[in-house]
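Engineer: These protein sequences, in sequence, are chains B and X. Per my numbering, residue 16 is the first one in the first sequence, and the count goes up by one each step. Per my numbering, residue 16 is the first one in the second sequence, and the count goes up by one each step.
There could be a bad hint or two in this list.
Note that the list lumps identical chains together, so a pair holds whenever it fits in one copy or between two copies.
What the hints assert, rightly or not - With a Cα cut of at most 25 Å, we get these calculated DMTMM-like pairs of lysine to aspartate or glutamate:
no.	residue 1	residue 2
1	178	208
2	429	331
3	451	331
4	346	420
5	429	233
6	18	30
7	178	227
8	18	37
9	178	197
10	76	397
11	76	172
12	234	66
13	440	218
14	338	421
Hints listed in this document are in silico derivations from the structure and should not be mistaken for laboratory results.
2 protein chains.
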Amino acid sequence: MDKDLFRHHGYEFVDWLADYFENVGTLPVMSRVKPGEIRAQIPSAPPEQPEPMDRIFEDFKTVILPGITHWQHPGWHAYFPANNSPESVLAELLTAGLGVQGMIWQTSPAAAELEDAVLEWLRQLLGLPAGLTGVIQDTASTATLCALLSARERATDFEANEKGLKRPLVVYASQEAHSSVEKGVKIAGFGRENLRLIPSDAEFAMRPERLEEAILRDKSRGLEPCFVAATLGTTSSGAVDSLAAIGPIARRHGLWLHVDAAYAGTAAVLPEKRWILDGAESIDSFVFNPHKWMLTNFDCSAYFVREPSWLVRTFEIHPEYLKTGADPYVKNYRDWGIQLGRRFRALKLWFVLRSYGAEGLRAFVREHIRLAQLFKSWVEADPRFELMAPAHFGLVCFRLNDNRDEAALASLNKALMDRLNATGKIYLTHTALHGKFTLRMVIGQRTTAERHVRAAWDLIREISADLLK
Amino acid sequence: MDKDLFRHHGYEFVDWLADYFENVGTLPVMSRVKPGEIRAQIPSAPPEQPEPMDRIFEDFKTVILPGITHWQHPGWHAYFPANNSPESVLAELLTAGLGVQGMIWQTSPAAAELEDAVLEWLRQLLGLPAGLTGVIQDTASTATLCALLSARERATDFEANEKGLKRPLVVYASQEAHSSVEKGVKIAGFGRENLRLIPSDAEFAMRPERLEEAILRDKSRGLEPCFVAATLGTTSSGAVDSLAAIGPIARRHGLWLHVDAAYAGTAAVLPEKRWILDGAESIDSFVFNPHKWMLTNFDCSAYFVREPSWLVRTFEIHPEYLKTGADPYVKNYRDWGIQLGRRFRALKLWFVLRSYGAEGLRAFVREHIRLAQLFKSWVEADPRFELMAPAHFGLVCFRLNDNRDEAALASLNKALMDRLNATGKIYLTHTALHGKFTLRMVIGQRTTAERHVRAAWDLIREISADLLK
Numbered sequence: 016m017d018k019d020l021f022r023h024h025g026y027e028f029v030d031w032l033a034d035y036f037e038n039v040g041t042l043p044v045m046s047r048v049k050p051g052e053i054r055a056q057i058p059s060a061p062p063e064q065p066e067p068m069d070r071i072f073e074d075f076k077t078v079i080l081p082g083i084t085h086w087q088h089p090g091w092h093a094y095f096p097a098n099n100s101p102e103s104v105l106a107e108l109l110t111a112g113l114g115v116q117g118m119i120w121q122t123s124p125a126a127a128e129l130e131d132a133v134l135e136w137l138r139q140l141l142g143l144p145a146g147l148t149g150v151i152q153d154t155a156s157t158a159t160l161c162a163l164l165s166a167r168e169r170a171t172d173f174e175a176n177e178k179g180l181k182r183p184l185v186v187y188a189s190q191e192a193h194s195s196v197e198k199g200v201k202i203a204g205f206g207r208e209n210l211r212l213i214p215s216d217a218e219f220a221m222r223p224e225r226l227e228e229a230i231l232r233d234k235s236r237g238l239e240p241c242f243v244a245a246t247l248g249t250t251s252s253g254a255v256d257s258l259a260a261i262g263p264i265a266r267r268h269g270l271w272l273h274v275d276a277a278y279a280g281t282a283a284v285l286p287e288k289r290w291i292l293d294g295a296e297s298i299d300s301f302v303f304n305p306h307k308w309m310l311t312n313f314d315c316s317a318y319f320v321r322e323p324s325w326l327v328r329t330f331e332i333h334p335e336y337l338k339t340g341a342d343p344y345v346k347n348y349r350d351w352g353i354q355l356g357r358r359f360r361a362l363k364l365w366f367v368l369r370s371y372g373a374e375g376l377r378a379f380v381r382e383h384i385r386l387a388q389l390f391k392s393w394v395e396a397d398p399r400f401e402l403m404a405p406a407h408f409g410l411v412c413f414r415l416n417d418n419r420d421e422a423a424l425a426s427l428n429k430a431l432m433d434r435l436n437a438t439g440k441i442y443l444t445h446t447a448l449h450g451k452f453t454l455r456m457v458i459g460q461r462t463t464a465e466r467h468v469r470a471a472w473d474l475i476r477e478i479s480a481d482l483l484k
Numbered sequence: 016m017d018k019d020l021f022r023h024h025g026y027e028f029v030d031w032l033a034d035y036f037e038n039v040g041t042l043p044v045m046s047r048v049k050p051g052e053i054r055a056q057i058p059s060a061p062p063e064q065p066e067p068m069d070r071i072f073e074d075f076k077t078v079i080l081p082g083i084t085h086w087q088h089p090g091w092h093a094y095f096p097a098n099n100s101p102e103s104v105l106a107e108l109l110t111a112g113l114g115v116q117g118m119i120w121q122t123s124p125a126a127a128e129l130e131d132a133v134l135e136w137l138r139q140l141l142g143l144p145a146g147l148t149g150v151i152q153d154t155a156s157t158a159t160l161c162a163l164l165s166a167r168e169r170a171t172d173f174e175a176n177e178k179g180l181k182r183p184l185v186v187y188a189s190q191e192a193h194s195s196v197e198k199g200v201k202i203a204g205f206g207r208e209n210l211r212l213i214p215s216d217a218e219f220a221m222r223p224e225r226l227e228e229a230i231l232r233d234k235s236r237g238l239e240p241c242f243v244a245a246t247l248g249t250t251s252s253g254a255v256d257s258l259a260a261i262g263p264i265a266r267r268h269g270l271w272l273h274v275d276a277a278y279a280g281t282a283a284v285l286p287e288k289r290w291i292l293d294g295a296e297s298i299d300s301f302v303f304n305p306h307k308w309m310l311t312n313f314d315c316s317a318y319f320v321r322e323p324s325w326l327v328r329t330f331e332i333h334p335e336y337l338k339t340g341a342d343p344y345v346k347n348y349r350d351w352g353i354q355l356g357r358r359f360r361a362l363k364l365w366f367v368l369r370s371y372g373a374e375g376l377r378a379f380v381r382e383h384i385r386l387a388q389l390f391k392s393w394v395e396a397d398p399r400f401e402l403m404a405p406a407h408f409g410l411v412c413f414r415l416n417d418n419r420d421e422a423a424l425a426s427l428n429k430a431l432m433d434r435l436n437a438t439g440k441i442y443l444t445h446t447a448l449h450g451k452f453t454l455r456m457v458i459g460q461r462t463t464a465e466r467h468v469r470a471a472w473d474l475i476r477e478i479s480a481d482l483l484k
């Protein structure tokens with residue numbers, strides 16, 4: 016593809032995206048294809064001859080697009096958001112074009128130093144303790160695994176790296192913690208039987224006294240408590256574990272305190288939500304995802320550590336072919352995570368943070384929380400519905416409840432969810448809270464405005480009325 | 016940013032990239048900034064107010080660009096390439112704009128099914144054994160870690176996931192294997208003392224008889240051999256471990272056979288290089304990186320497994336909030352790797368494979384290998400230089416050798432490298448081969464043509480003559 020053709024298709028794709036951003040709300044949010052329907056349209060073998068971009072782009076629009084579930088749709092209320100922004104998409108275009116692989120400082124000093132700088136910006140924006148150092152990971156799953164590995168090595172003085180894990184180290188998290196904690200525990204070789212899921216309270220936050228009981232019980236059995244993950248904004252309900260309560264327990268017993276704030280960390284840009292960080296002076300590591308609720312297209316996860324040397328010494332490798340003269344003076348991020356190769360992700364963060372400014376980010380997050388409070392008030396005002404959890408952020412947990420038994424309520428609410436999603440106008444997902452089937456209404460998409468939330472509520476009431484007839 | 020402004024800056028960035036692709040060869044390949052120079056130009060705190068894109072883009076050009084090492088420069092001869100292409104950059108623009116997070120099938124069926132389809136295309140293009148199933152990972156480091164974890168679980172019947180690794184499992188790789196094997200061994204809890212680095216032969220390939228000796232020695236000591244990594248195209252010299260020799264040993268002793276073909280796997284698109292896969296019928300897993308030498312912008316690593324259930328059962332998690340009705344009928348890629356969240360990377364592969372076609376890819380790779388052979392012939396014809404290893408692919412290992420002692424030769428060749436890189440015209444890196452300081456000349460950038468390689472050789476001879484004066 017020569018320069019003119021690149022420019023031609025570049026303009027064409029930019030135009031298409033400009034329209035897509037404007038019109039995505041008219042498409043069905045959740046793809047309606049059946050399993051295998053897209054696959055059946057892809058030839059079983061690659062083409063022998065080159066194909067023109069016009070044909071490929073045509074297939075993108077006719078074959079691929081119907082199989083896309085539109086995360087950037089204003090009716091996106093599922094899972095958590097992964098919102099992008101025009102600014103971050105433009106930055107990603109430059110990142111792809113430069114094609115930098117930032118494994119070490121020398122392979123692009125600007126990638127390393129901009130990452131250092133914008134992570135410090137994020138630390139300030141969230142009000143995280145001074146002295147934390149940030150590094151970009153791809154996802155919170157990876158960051159939590161990094162934390163588990165660093166804790167494993169700190170506890171064994173790097174013997175696990177050398178000899179494998181010779182004695183059981185115990186990991187604690189609430190029963191509402193994200194599945195990535197269990198996954199990381201298995202990968203890092205702790206063994207799932209050494210993961211304690213601490214009961215949560217009525218608001219789905221970890222019960223600190225039960226944490227300490229579990230630690231003491233393990234100690235009395237000769238086991239070695241090692242790590243606790245506190246969650247700010249659990250996946251199921253947005254519950255907030257108390258760092259002020261958990262921190263002193265972790266410190267008392269020598270545990271690594273990791274904070275998973277993947278979704279809700281962004282809310283700490285607001286003074287009125289800064290309370291979620293009360294007690295943060297005790298943390299060893301902290302992760303939140305700008306790719307969820309901070310306008311930065313996936314993937315971009317911000318991982319902060321109190322003592323970088325635990326991270327670096329856990330991962331460092333020094334093959335001859337990666338040594339450079341700059342090594343004593345710079346950060347070589349290859350040693351700050353699992354992968355050697357690294358995309359230049361700091362660029363999109365820089366574009367977003369400058370384009371919105373701290374004021375813009377606060378206004379953005381504050382509006383979503385206001386809309387969630389509005390939605391919550393409607394749920395509370397309608398006796399057919401039950402609010403299932405506190406709504407601290409942009410997530411409201413609710414269900415229809417006409418006092419059937421639990422199994423029937425689950426069927427009823429699953430029917431409501433399936434019919435809502437089949438409309439193509441909104442997309443929401445479910446969870447279980449203390450065993451009860453619960454609908455999750457998440458407000459966090461960039462373009463979701465009050466009229467979208469009102470329309471969603473109208474739709475919910477309309478289908479509910481029909482189901483309850 | 017509204018639609019008009021997005022279009023304005025989108026066009027502007029496309030224009031800039033079109034010029035960049037054309038002119039990158041006029042910039043210094045390796046950035047000339049000093050440690051801290053970029054960081055000092057970034058404000059220490061984020062802006063309170065939004066800033067206009069014009070200002071941000073201006074800073075991109077004046078502050079960031081001087082700190083970029085240009086991986087897409089025709090004088091890129093360092094490490095391995097990470098070549099992109101206009102087609103893959105355009106696809107990445109769409110991927111960023113759609114902002115899909117493909118953790119499960121339902122969150123974008125097209126992302127899951129296109130991935131399945133194009134990985135099968137890659138399998139056919141490389142001539143990998145029928146029945147292998149592919150999945151995209153971010154990097155080969157991650158893929159190798161996935162292989163180690165799958166092998167760990169197969170060897171312990173999933174007990175390591177449950178209880179931690181209770182007995183030593185031994186991992187084998189050649190002394191020339193990539194550092195990611197050691198890193199993965201540590202992460203997965205094998206312990207570095209259970210990694211055996213098998214000596215290599217005169218051509219830097221693993222000596223199979225030494226592998227079997229090591230296995231027998233470990234067995235006789237009551238240890239359990241578990242995993243062997245064979246490398247096709249080692250990082251230091253492009254050496255090829257023999258699958259035909261290693262496969263039967265692995266099978267005889269029940270080892271998981273993983274193949275790291277991160278760089279050289281792409282060469283298997285050529286019939287004349289297909290020999291590197293002789294014996295591939297024995298493999299359990301295989302990784303190569305389309306983001307290295309197949310025109311697909313970083314990151315995109317293709318990981319193939321013989322039995323997907325080992326992978327899925329190693330990683331699967333089933334929280335209520337991720338369950339969907341489609342689960343029994345589809346691939347949910349969240350369980351095929353470490354991360355939960357996944358970018359829609361299959362799109363750029365699809366764009367590249369169709370834009371070039373099998374013929375185009377073969378012509379592309381064949382030309383780089385021809386240029387490497389040409390460069391090799393020049394090295395061999397000049398008595399001041401020594402060829403340090405066979406050149407199977409696009410990598411030629413060489414050094415100046417005027418019969419000084421080894422330490423002095425290392426200094427001489429390091430001086431040659433530093434002076435070459437300081438010219439800004441080419442960028443190459445070094446390694447150690449059997450302890451000898453060696454220069455690595457890699458030819459694999461998309462736009463590198465014969466005239467660039469000739470100019471590089473002229474430059475090498477000119478500076479060498481000066482150094483030998």
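Engineer: Could you work out which of the previously given hints the structure breaks and list their numbers from low to high?
Structural biologist: 4, 5, 10, 11, 12 and 13
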